[in-house]
Amino acid sequence: MKNFLFYFTGKRAGRAFLIPCAFILLTLTIFPFLFSLGLTFGKVSLTGGLAIRFIGLKNWSRLFADERFWNALSNTLFIVAIAVPLEYALGLALALALNTKIRGRTVFRVVFLVPMMLTPIAVGYMWRMLFNISRGPVNHILPGLGLPPVGWLTTTGVVLYSIIITDIWHWTPFVFLILFAGLQSIPPDLTEAARIDGASNLQLFRYVTFPLLIPASLAAILLRAMETFKIIDEIYIMTGGGPGLSSESMTLFGYSLGLRAFDLAYGATIAFSLFITVLIISIAFFSITKGFQEITFE
Amino acid sequence: MKTIQRENLLKIFIYLFLIGWAIFALFPVYWMLTTSFKPKLDVFLGPKYFPWIDFKPVAKWWWKVFTVEREEVVLPLINSIIVATTSSLITTLLGTMAAYALTRFTFKLGPMGNRDILLWIVSQRMMPPIVVALGIFIMFRLANLLDTRIGMMLIYIAFNLPIAVWMMRNFLSQIPPSAEEAAMVEGASRAQIFWWILIPMTLPSLAATFLLCFIFAWNEFLFALILTFDRARTVPILIASQHFQRGPQWWDISVLSTIAIAPVLIIALSLQRYFVKGLIPIGK
Chain A
203 MKNFLFYFTG
213 KRAGRAFLIP
223 CAFILLTLTI
233 FPFLFSLGLT
243 FGKVSLTGGL
253 AIRFIGLKNW
263 SRLFADERFW
273 NALSNTLFIV
283 AIAVPLEYAL
293 GLALALALNT
303 KIRGRTVFRV
313 VFLVPMMLTP
323 IAVGYMWRML
333 FNISRGPVNH
343 ILPGLGLPPV
353 GWLTTTGVVL
363 YSIIITDIWH
373 WTPFVFLILF
383 AGLQSIPPDL
393 TEAARIDGAS
403 NLQLFRYVTF
413 PLLIPASLAA
423 ILLRAMETFK
433 IIDEIYIMTG
443 GGPGLSSESM
453 TLFGYSLGLR
463 AFDLAYGATI
473 AFSLFITVLI
483 ISIAFFSITK
493 GFQEITFE
Chain B
18 MKTIQRENLL
28 KIFIYLFLIG
38 WAIFALFPVY
48 WMLTTSFKPK
58 LDVFLGPKYF
68 PWIDFKPVAK
78 WWWKVFTVER
88 EEVVLPLINS
98 IIVATTSSLI
108 TTLLGTMAAY
118 ALTRFTFKLG
128 PMGNRDILLW
138 IVSQRMMPPI
148 VVALGIFIMF
158 RLANLLDTRI
168 GMMLIYIAFN
178 LPIAVWMMRN
188 FLSQIPPSAE
198 EAAMVEGASR
208 AQIFWWILIP
218 MTLPSLAATF
228 LLCFIFAWNE
238 FLFALILTFD
248 RARTVPILIA
258 SQHFQRGPQW
268 WDISVLSTIA
278 IAPVLIIALS
288 LQRYFVKGLI
298 PIGK
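Protein sequences, first through last, are from chains A and B.
Take any residue in the first sequence, note its place counting from 1, add 202, and you have its number in the working numbering.
Take any residue in the second sequence, note its place counting from 1, add 17, and you have its number in the working numbering.
Honestly, the hints are just simulated from the structure, not real lab data.
We treat Cβ as the ideally placed atom computed from N, Cα and C, and that holds for glycine.
Some clues are possibly wrong.
What the hints assert, rightly or not - Pairs of lysine-lysine residues, derived as DSSO-like cross-links and limited to a Cα-Cα distance of at most 30 Å, are as follows:
1) Lys28/B x Lys303/A
2) Lys73/B x Lys57/B
3) Lys125/B x Lys492/A
4) Lys55/B x Lys73/B
5) Lys432/A x Lys492/A
6) Lys432/A x Lys260/A
What the hints assert, rightly or not - Derived CB-CB ranges, DEER-like:
7) Pro389/A x Phe261/B: 51 to 57 Å
8) Ser206/B x Ile398/A: 51 to 57 Å
9) Ile257/A x Tyr47/B: 18 to 24 Å
10) Val85/B x Pro389/A: 56 to 62 Å
11) Phe225/A x Pro56/B: 50 to 56 Å
12) Gly127/B x Leu236/A: 17 to 23 Å
Okay, chain B solo, but in the shape it has when bound (with noise of 0.2 Å):
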């Protein structure tokens, strides 16, 4: 009986905990939603919490987002969605490659084997982007890749390289050799066999992989800071300079910021079963 009763506590205690956080984790989210909806006053005259009950929610600035500021908010928008997709696709495309050789072939580059190739590729991720940012920004500016688009897929899939070949080597060292060898006795080429056999093997990774690499190069913002200042310019860079050009006008951050974050919430929460398979090799 008594154990029992412990039990029942010690579930209720977890409910407790855990609602609470869920609490803690969505609040932030709802007051930067609500307050997009929020009239001038309603921001300015201290806390309000819900919509209909203590303050009347008003549409107009997302209205204003799309309309008034088209311009000012498309072009970054556009170099944000174009900057990420490409750049994750390659990401993936070239981590899965390098994956894939350093699975299934014996290098030796001097002293190094396999496993220090991968430590060195994994551990150019440890380095802090500050170290590289500034020698990058000299030579962009050399090589003229300053404030466009090119430069910055580029940096995206140089800084996502390391996690996707690290990703996709735990994911291929998993698979069986046994479909490559009968491809390789009918004399397929290794080419045939990544591209035909390996690839429809690991889409669900592939697809883990990318949009780690997506959630990455989308919310990025240092690189960004430093090598874009108008044509280039990415979401973040665009919000961060809001409240610098207009002050504090909370409730057209919010709709920018939600327009920021609502992308990669959406994907990421509907595919966010492959997150926590993608991830699982790191525990073992």
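In isolation and in its complexed conformation, chain A is listed as follows (with noise of 0.2 Å):
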């Protein structure tokens, strides 16, 4: 026990301390996208042992001609091109009305971030349920609008908003949790002085709360994009991709193709595609909101 207290002891403790994370990040996430990267190349057969066949950019040139892969992309960013939008301003509309002096904060807060913690899987048979052709509460609800009842799930231009609607349930609270705690962190002396000097609510919302909630607006928007890319585990539930192929999302296809028909070569092909997209499009972010990083990751 000593020997081993010795290296966090030592005038070289900090490696002690930073090398067990270092070391898990290394095995289990660098060495597993290198080994992915290297599949994308080749093929695999698992029959017996372990053989990798390289074949070039075979797989690559298949993507590329494979029309479920495009349908698959356009799915997934239309999802997060329409979601993540609304989710942060529905967030920050929360997170606005919910700091004002008004009754039972506490109690409102509570409630808002409860979809936030369930379990994705349960989320999908919710809606699942909520959204049943003929005995689900939603379409029992909307002929007493005047609406006709619609195919939440069975309808091939319907089926990606039921499933953008469950994302914007499930998510909008985490949005509105990094607002709502970017709004407690301005100093209250900022608005009254705004106040003394007159400004109007709307003044107030746009010249002193609005830009101070930048870096928290950034983060909300990145975390919630990189996470929406990701999209499966409702889909998997609500939809299993369907109608035909009409909600399938960049992970469960990687996942069908890769696991389920066990082309693991051809999935890896497809991940990294997904890979390709999430980073092309966060870093036209960063260069988009230059300026603001800095503040965003102090």
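These two chains come separately, so use the hints to put the complex back together.
Right, here's the structure in full:
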């Protein structure tokens, strides 16, 4: 024990504290990452041991000619492009509304946080029940409002919106939490000073609150976009990617081909194309929002 | 006078918005909970909303899960509890150690400084899990870790470490070094300082970090789907397989889903104060 502890007490103690974490990340994320990258240039056979044959760029040329890939990519981009801005707008509205002098703030805050803690698989089942075409309450309430019932999970053009609604329900609380924490950390003397100078609610928001919320906003949007790109759980339960392939996301596509059809190399290629997409979009995000990032990650 | 009226109108509008969203947020959970008490016919004959008013609640599905289906349910539940708890404890410890190193020492790894190391660690979380999942599948197959609790723990430790490091770094960098310096003068080693001074000082932050890791590990689906089949199945996998095994038996699915969400909800709501506090550094 004494010998082991020595590494934590000597001059190089810093390394001893950092190495366990770095070692785990290297073996369980960096190494598999490189391994998966290698797979995209090969063909894997798992019958008796492991054999990988190098086939060059064949997986990649197959990918770009695959209509199913473009479909999954556009579905995923569509979900991100619609869901994330709406989650941000709603999360901001909720945070601002709750940051006023009203009663029951704690109760509201607790209630608002509930959805983001729930198991995504359970959330998928919840919304599958709610959206059920004949027995779900959503289609039961719509005719009461004079609207026709909708095949939420069975109609090709509609199903992505149902998934977006589910995602908004599930993850707006996360945006709310970050922005609410951001609002709470704004010093009250600042808003008071603006009030004394005669600023209206709108001016206060436009010139004081919102600028101070920009770092939190960027963090919330970036984190939500990253997470939404990975979407699979809710889709797996709600539609399984259907009807047809109309709600298949990139992760579901990669999983289906990689592990159900057991084409591991092609699955890895799909996964890497998702990684490259996410990388391009986050680089674009960082260069567009340059100047704010210093504050965001400080 | 007019401004007061306008203020009141705004207040009413805010209340309506907040109450409306609260109903929206809770209704799906309410629906699942009530469905777990509905007789079959009341599920199939269209939406029934209120127990004792438009349907008569029954407890038999709950009873069934804990008697007839016990065998099937207990193992995944135990797996989830063991894997999520152990992995989150280890993650919190290792993450705090790394955060301690990054806030109290200066590292030079070629051109990389502390900040680059931190960004490198945090960026691991940005990667879509499917990218590494297929590589891990093959690695685990070769190492005989497929369908084992140890394997799942390792995955969740790696998966949660970036968050733990980031959160703990934010907390630790706010603690003034005076107590540590005093201990150092007294001749305490780094390990002693870490264990006897820093850990006790940061207990609430450690709780927040542990909680977040626990929620992620408890709810995680994709890795469990790929890396477990039978002995090491976790609760999300158990629930996800229900529909494919016996069709839409919504009452059973609702009972199991309620069991899946209950522990996290109870723990998280009782500790939610730390939660908001724990995330405040993001807003800074």
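Results of checking the hints against the structure:
1. Lys28/B x Lys303/A: This hinted pair holds, its Cα atoms lying about 9 Å apart.
2. Lys73/B x Lys57/B: Given pair Lys73/B, Lys57/B holds - Cα atoms ~11 Å apart, limit 30 Å.
3. Lys125/B x Lys492/A: holds (26 Å)
4. Lys55/B x Lys73/B: Within the cut-off at roughly 7 Å; holds.
5. Lys432/A x Lys492/A: Holds - the C-alpha atoms of Lys492/A and Lys432/A are around 25 Å apart, at most 30 Å.
6. Lys432/A x Lys260/A: holds (25 Å)
7. Pro389/A x Phe261/B: 51 to 57 Å: Given range 51 to 57 Å: holds, Cβ gap about 54 Å.
8. Ser206/B x Ile398/A: 51 to 57 Å: Between Ser206/B and Ile398/A, where Cβ atoms are some 54 Å apart, the hint holds.
9. Ile257/A x Tyr47/B: 18 to 24 Å: Roughly 53 Å apart at Cβ, these two residues miss the hinted range, so it is violated.
10. Val85/B x Pro389/A: 56 to 62 Å: At 59 Å between Cβs, range holds.
11. Phe225/A x Pro56/B: 50 to 56 Å: holds (55 Å)
12. Gly127/B x Leu236/A: 17 to 23 Å: holds (19 Å)
Hint 9 alone, counting from the list given before, is not met by this structure.
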